Amino acid sequence: MRISTGKILHAIGLTAIVVFSLFPFLWMVAASFKSQADILASPPVWFFTPTLDNYAEIFSDTKVSGAIINSLIVAAFATLLSVVLGTPAAFALARYDFRGKSDLWFWFISNRMTSPIVLALPIYLLAMSMNLLDTHLVLILVYLTFNIPIVVWIVTDQFKSIPPDLEQAARLDGADQFTIFRKIYLPLGAPGIAVSAIFSFIFSWNELLYALVLTRRAAQTAPVVATSFMSGYELPWGKIMATGTVIVLPVTIFALIVSRHMVRGLTMGATK
Amino acid sequence: MTFLRLDNIKKNYGDVSVIKGVSFSAAKGEFVVFVGPSGCGKSTLLRMIAGLEDVSEGELYIDGRDVTYEEPAKREVSMVFQSYALYPHMSVFENMAFGLRMAKKPEAEIKAQVAEAARILQLEPLLDRKPRALSGGQRQRVAIGRSIVRHPKLFLFDEPLSNLDAELRSQMRVEIAKLHRSLGATMVYVTHDQIEAMTLADRIVVLRAGLVEQIGSPTELYDTPANTFVAGFIGSPKMNFITAKVSATGPSSLVLDGAAFVGGKLVVETPAAGKAKVGDTLTVGLRPEHLTVEPAQPVLALTLDFAESLGGSTQLYARGEGEPIIVLTAGRPALQPGDALKLGIDPRHIYLFDAAGLAL
Ligand SMILES: Nc1ncnc2c1ncn2[C@@H]1O[C@H](COP(=O)(O)OP(=O)(O)OP(=O)(O)O)[C@@H](O)[C@H]1O
Ligand SMILES: [Mg+2]
Chain A
1 MRISTGKILH
11 AIGLTAIVVF
21 SLFPFLWMVA
31 ASFKSQADIL
41 ASPPVWFFTP
51 TLDNYAEIFS
61 DTKVSGAIIN
71 SLIVAAFATL
81 LSVVLGTPAA
91 FALARYDFRG
101 KSDLWFWFIS
111 NRMTSPIVLA
121 LPIYLLAMSM
131 NLLDTHLVLI
141 LVYLTFNIPI
151 VVWIVTDQFK
161 SIPPDLEQAA
171 RLDGADQFTI
181 FRKIYLPLGA
191 PGIAVSAIFS
201 FIFSWNELLY
211 ALVLTRRAAQ
221 TAPVVATSFM
231 SGYELPWGKI
241 MATGTVIVLP
251 VTIFALIVSR
261 HMVRGLTMGA
271 TK
Chain B
1 MTFLRLDNIK
11 KNYGDVSVIK
21 GVSFSAAKGE
31 FVVFVGPSGC
41 GKSTLLRMIA
51 GLEDVSEGEL
61 YIDGRDVTYE
71 EPAKREVSMV
81 FQSYALYPHM
91 SVFENMAFGL
101 RMAKKPEAEI
111 KAQVAEAARI
121 LQLEPLLDRK
131 PRALSGGQRQ
141 RVAIGRSIVR
151 HPKLFLFDEP
161 LSNLDAELRS
171 QMRVEIAKLH
181 RSLGATMVYV
191 THDQIEAMTL
201 ADRIVVLRAG
211 LVEQIGSPTE
221 LYDTPANTFV
231 AGFIGSPKMN
241 FITAKVSATG
251 PSSLVLDGAA
261 FVGGKLVVET
271 PAAGKAKVGD
281 TLTVGLRPEH
291 LTVEPAQPVL
301 ALTLDFAESL
311 GGSTQLYARG
321 EGEPIIVLTA
331 GRPALQPGDA
341 LKLGIDPRHI
351 YLFDAAGLAL
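From first to last, the protein sequence lines are chains A and B.
Residue 266 in the working numbering sits at position 266 of the first sequence, with consecutive numbering throughout.
Residue 186 in the working numbering sits at position 186 of the second sequence, with consecutive numbering throughout.
One chain only, chain A, in its complex shape (with noise of 0.2 Å):
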């Protein structure tokens, strides 16, 4: 068999983005079962003896798993409520007419556009006025505020790609508007709505900005409280590695349920 030079190119390249991408990760993981000791060590110690003091440590520590628990919350509703509200509006702006209804899609998309710091003041005057600092609520509304562009737009697109002969046979069939969006067009929209959900969810879950400006205690994300163990005079390097692989963890566990959903082609065979 003779294999290309292209193809040694191709596969070198290939290699060189996971190792560059994936090496941080793996780093992290390390550092999260090495002693302090190990970890400080120059040169790195590629050998060590694993231990799991890090993960004790974190677990024992109800800042960390009170953490997650609200960044569960946070993320899970951010993500639901951002589906439930977007993929009626993506019906919308894939399928009828209606007056201004580019002006709201570059308004989802330009939402976007903004860079966060620049909001973040008048958010918190805001969320301070109505009451609502360190609470759930807070940052599941402003996740939403980035969640619904994102799900509007991937999910918009996906609805677009079914063919409207589907929807007329079934209004032929009998069949009214929000039947057709819930028999027809959300079990086949379903590849790009669970793209836009893990969008949501891990957007949700890693985002630091606002969690750290809008949360003192209760409402407290896990990057928040990952990122408070810096605060001392030692860095605990191996606490907060163990709690960055906690944080990372189950939104890859989410990613790869998920994914098997993202490939199958459910429109085929549909038409011709």
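Take these hints with a grain of salt, some might be off.
[As the list claims (entries may be wrong)] Simulated pairs of lysine to any residue, SDA-like, Cα-Cα distance not exceeding 25 Å:
no., chain 1, residue 1, chain 2, residue 2
1, B, K104, A, K160
2, A, K183, B, S91
3, B, K74, A, Q168
4, B, K104, A, G174
5, A, K101, A, K160
6, B, K275, B, G311
These are computed hints drawn from the structure, not numbers from a lab.
Since this is a predicted model, take the numbers as computed values, not measurements.
Mind docking chain B with the ligands on chain A? Use the hints.
Okay, now just chain B with the ligands, sitting in the frame of chain A:
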């Protein structure tokens, strides 16, 4: 008895007028076929009957009821789409059951109706499959099955067979004809295909640019086309047209001058002779299948360009002084390109059209 009636139906998209006033009616149980060139508005008209497209002007009646502004589902029509439009995430059974479920029919009745449709269309072994696991012909059958389960008053078909290969197409054509006979339902069918139109239709509606050119049975359209457009559109290969000038008129005959004719003249017996005057320009229409090779009394003297053998018959392409002429003849005449070709025709088969293209 009129079952479906279109009364001066019009459709505009903004300033663009797509259907410019179509009227016709169909009796109960009739099979009506819309034909016309691409873009003439066949689908638009059909979709207006279905209620999928708003009617800009005019009135539409189904079974005596004004449904011009009625919801699609309440018109009790069903439609088979060119793309089949099967729900890809549902099994064949669910595809066919969908309309019944929407109508909140009891489960037992749904099962019975779907089973009945599956039996008629031989879909029983496929009921659990998803559309993507079906062949084109099977998908088409499911689409038809979905349209018959609800026992609609009116069936609409938009080029249902155009995605199938030739053999399957003729097979499905026969099945649709059978279905029409066994259900006795009124059907409106859109097609490009001559053979489908001629074989399926009780009546054909020929459309051009949003207007009706002629309505009639297949044989009426073939025998007495109202104008050159219909004459050229119905029949395959296309009718030959020759331009000629009237040089003399009699009470029931015309003498036409044209370079293509033997001796430069053609005498035509016609009851409509009185409608033409000396000096008028007429179009003479000759169907390829009516022309005979090497006749006793030749009408056209031409040169053979080339011949295509279709096995049992041969298509000859000939050229003379004027327009190229196509001949469809049985057997395989022993002729070479460049040979002289004399053609004759039974005078009863000569069509005449005036300068505006209308039948004389
Ligand atoms: N939404 C629309 N806006 C503007 N023009 C349209 C629209 N839909 C259809 N048309 C125009 O209406 C005309 C008729 O379209 P229609 O689909 O009815 O043609 P058709 O006879 O079915 O053609 P074909 O044989 O190719 O299917 C076309 O010229 C088309 O461009
Ligand atoms: Mg069409």
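Against the structure, the hints come out as follows:
Restraint check for K104 (chain B) and K160 (chain A): not satisfied, since their Cα atoms lie roughly 29 Å apart, outside the 25 Å limit. A hinted pair counts as satisfied when its Cα atoms are at most 25 Å apart, and K183 (chain A) with S91 (chain B) qualifies at roughly 13 Å. Simply put, K74 (chain B) and Q168 (chain A) have alpha-carbon atoms about 14 Å apart, close enough for the 25 Å limit, and the pair holds. As the CA atoms of K104 (chain B) and G174 (chain A) are separated by approximately 10 Å, the hinted pair is consistent with the 25 Å bound.
For the hint pairing K101 (chain A) with K160 (chain A), the CA-to-CA distance comes to about 15 Å; that is within 25 Å, so the pair holds. For a cut-off of 25 Å, the pair hint linking K275 (chain B) to G311 (chain B) is broken: about 43 Å separates their Cα positions.
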